[in-house]
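Number of protein chains: 4
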Amino acid sequence: MEELIQKLRKFAEERDWDQFHSPKNLVMALSVEVSEIVEHFQWLTPEQSQELSPDKLSELKDEIGDVLIYLIRLADKLGIDPINAALEKIEKNGKKYPVVRVKGKSLKYTEY
Amino acid sequence: MEELIQKLRKFAEERDWDQFHSPKNLVMALSVEVSEIVEHFQWLTPEQSQELSPDKLSELKDEIGDVLIYLIRLADKLGIDPINAALEKIEKNGKKYPVVRVKGKSLKYTEY
Amino acid sequence: MEELIQKLRKFAEERDWDQFHSPKNLVMALSVEVSEIVEHFQWLTPEQSQELSPDKLSELKDEIGDVLIYLIRLADKLGIDPINAALEKIEKNGKKYPVVRVKGKSLKYTEY
Amino acid sequence: MEELIQKLRKFAEERDWDQFHSPKNLVMALSVEVSEIVEHFQWLTPEQSQELSPDKLSELKDEIGDVLIYLIRLADKLGIDPINAALEKIEKNGKKYPVVRVKGKSLKYTEY
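Residue numbers (the numbering used here), protein chains in the order written: chain A, 1 to 112; chain B, 1 to 112; chain C, 1 to 112; chain D, 1 to 112.
A couple of the hints might just be wrong.
Identical copies look the same in the list; a pair holds intra-copy or inter-copy alike.
[Claimed, not checked] Calculated pairs, BS3-like style, for lysine-lysine (alpha carbon to alpha carbon, straight line, at most 25 angstroms):
(1) K95 <-> K10
(2) K77 <-> K89
(3) K56 <-> K10
Don't read these hints as lab results, they were simulated from the structure.
This is chain A alone, in the form it adopts within the complex (with noise of 0.2 angstroms):
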C-alpha cells in the first residue's frame, strides 16, 4: 500500500497533475471510476454476476485498479491511511451488527 501511495504521488509530480487533485475532483473520478465497474453488472442476473468469463474478469481487474488508485489518491491528499480506516469502520460495523441479531435476517436487509 505504501508503494502505491508513493507511486500515485509521483506519477501526479511528474505529469504536473496536482493542480487537478483536489478532492472534489478526485471524489468525482472515483464515482465515475466506480460505475464503469456497475455498468458490467447492471443487466447481470445475480447469478451470472458471479460466473464471468476470464475476459470480462481482465477488464474488472483494471476497473478494479482504477478505483484503488482514485481512493488512495483521495485518501492521501484528506492526510488519511486508507488500511487504518477500514480496520477501525470493521470495528465499528461489528457493534452496529452483532452476529446474534443479524445472522442470516439482518433487518438491514429484510426490512423490504
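Based on these hints, arrange chains B, C and D on the given structure of chain A.
Here is chains B, C and D on its own, set in the frame of chain A:
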C-alpha cells in the same frame, strides 16, 4: 491488506451474509458508499475541499473505510488482488499518458 | 415540465442559492440523489425489486422527485430542454438497436 | 412526458427487453448514465463548467436524454408519476428550507 481480506470474509460468514454478497450487489453497495463521500463535497469549492475541519475528516475517514471494505469484498469475490490490479494499472496509465505529452496540459484535461 | 423549471428557478433565487448551482455542483448533487435510490435496491433480488411495499414506494417517490429536480436544474443551467433531449435520444437509440437485430437477445445484453 | 412514457414502453416491448428492466437493473443503468455526465465535469473548475463549448453541450444533451429515459422507465415500472413526484418534493423542500432561515447562507451549505 491480507488481514483486511480475512477479517471481511469472517465478518460475512459469521453473519451468514454471503448470500447477499453477489458481485452485482456488492458493486451497488460500493457505489452507494462512494456517493456518501460525494455528498460531503457537492457544494464546496475545490479550495474549500482542501481545508476540511477535523470533524469532517473524521467522518470522511469512516466513509473511505467503507469504500475500501466493499472494494476488497468485491475483488475477493471475483478472485482479483486489488493491490496488484492497481500496480498494473499504473503501468498501463504511464504508457497511455507519457509525461512528455501530457505534462500540465493533458488533452484529457484540456479538451473542454 | 415548464412549470417545474419555473418553480425551481424561483426556489433557488429566493434562497440566493444560484451561487452554489454551477453545473459541476449540480451534477454531483444529481449523482448523490440517484445513489439514494440505489441504496433501496442494493440487497434486493431483481424479483423483490418488483414487489415493493407502499412505504418503500412512497420513499422512492420522494427520491425520484429529487432526481428529476436536479436533472431539470442542471439542464436549465446548460440551456438544454430535457424532454426534447430524451425524444431525440430515443430516435438515435432506435437506429443503434434495430428491433430485427437485438430482439430478446441483444449483443448489448448477452455479451457476457 | 406522457408521450415519452408511451414511446419507451413501446421501445422495450418491440425489443423484448422488459425481461431486463427490473427496477434493480434500471436504477443501475440510471446511475451509469449519470456518471457519464459526471465524467464531463470531473476535472473542470466550477467556472469552466459554466462555459462549455457547443460540442460539449451537444454531447451533454445526449447524456441528459439518457438519464431522463431511464428515470422515466424506472418510475413507470414503480407506478410513480415523476412530474408529480417532483412537484410534491418541491413543496416539502420549501418547508424544510424556509427562505428566512437559509437565504444565501444555508446551514446545509455552510456547515463545513
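So, going through the hints one by one against the coordinates:
{"no.": "1", "hint": "K95 <-> K10", "in the structure": "between (39 angstroms within a copy, 15 angstroms between copies)"}
{"no.": "2", "hint": "K77 <-> K89", "in the structure": "both (20 angstroms within a copy, 20 angstroms between copies)"}
{"no.": "3", "hint": "K56 <-> K10", "in the structure": "neither (30 angstroms within a copy, 27 angstroms between copies)"}
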